[in-house]
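Asks: Here the protein sequences line up with chains A and B, keeping their order.
Under my numbering, the first residue of the first sequence is numbered 117, with each subsequent residue one higher.
Under my numbering, the first residue of the second sequence is numbered 341, with each subsequent residue one higher.
No lab work stands behind these hints, which were simulated from the structure alone.
Quick caveat, the model's predicted, so the values are computed rather than measured.
Misleading hints may appear alongside valid ones.
[Claimed, not checked] Computed Cβ-Cβ distance ranges for the label pairs, DEER-style: (1) A:Tyr167 x B:Gly425: 35 to 41 angstroms; (2) B:Glu392 x A:Pro226: 49 to 55 angstroms; (3) B:Gly356 x A:Ser209: 35 to 41 angstroms; (4) A:Ser198 x B:Gly412: 36 to 42 angstroms; (5) A:Pro226 x B:Leu400: 37 to 43 angstroms; (6) A:Lys213 x B:Glu418: 21 to 27 angstroms; (7) A:Arg225 x B:Lys411: 48 to 54 angstroms; (8) A:Ser128 x B:His350: 41 to 47 angstroms; (9) B:Ser406 x A:Gln196: 42 to 48 angstroms.
We put the beta carbon where it would ideally sit given N, CA and C, even for glycine.
The lines below spell out each chain.
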Amino acid sequence: QKEVEQNSGPLSVPEGAIASLNCTYSDRGSQSFFWYRQYSGKSPELIMFIYSNGDKEDGRFTAQLNKASQYVSLLIRDSQPSDSATYLCAVASSASKIIFGSGTRLSIRP
Amino acid sequence: DTGVSQNPRHKITKRGQNVTFRCDPISEHNRLYWYRQTLGQGPEFLTYFQNEAQLEKSRLLSDRFSAERPKGSFSTLEIQRTEQGDSAMYLCAVGDETQYFGPGTRLLVL
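Pulled out of the complex, with its shape left as it was, chain B reads as follows:
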């Protein structure tokens, strides 16, 4: 148990729909990260929060993607107008010096 839960674990949606994923750290962590992982690749950095402040966003994070961490605890990642290329595992990680991943949300866009 890494102390991070993610919901939903699986999501199937049609192209053009909006989806929202949630990450819930069990204990308090200042830093929270979102990554995307496709088959055969390592996780790719999307964005990073220090408490409730979103400090950095990857160029991979197009304007269809938005992330929030309103109270510095849980975080949400929303993808608007999904595309087939958005199909991937979306991973949340927490930790300061080291990062611990949640189980991920697997998204399939049809």
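Here chain A stands alone, though its shape is the one from the complex:
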């Protein structure tokens, strides 16, 4: 079992709809959770981080964390073609142990 699991996709969502990206993790001691966006050929870009159970909203993005279920998700509202990218979930249990999932490819169709 991978430590951080994501569906590889591609996830295809019509423009203007809500994109929902999911991630599960195995280490119950995990404390910090991150979502990165990565365009093809570029480096990952941090878009959200969350530490506590519940929802955290930033513009069109909402991160949701459920530590009991070991589940973190990212919602993107009003999806735009520029949101088409690979989304990486990262989970940290300490300063040094930060594990990334393999990413979910998101495609926003006009």
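Position chain B relative to chain A; hints supplied.
Replies: Only chain B this time, still in chain A's reference frame:
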């Protein structure tokens, strides 16, 4: 702009050669990380510095790999006797609670 520069951006080398990559944070950060990313995978942790001290190394970091951060600012990653399996994107990240990636160095070993 993430405040991290990496050089070179691209490197093509022949198997058996040594290569060195450099990471320059624009502002001061206590923590500096090196990752490796191959196609279709998330970044994999290689090593981590707290100021000039190298605190942890992944088992992925064989004895052909060495990293330094001599003054607690810039860092170098050297790969000796490169192998084709070393071909990847090498990413530097800085930050304490959250990590911000540089643009990466893409290595191709022929």
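Asks: Go through the numbered hints given earlier and state which of them the structure violates, listing their numbers in rising order.
Replies: 8
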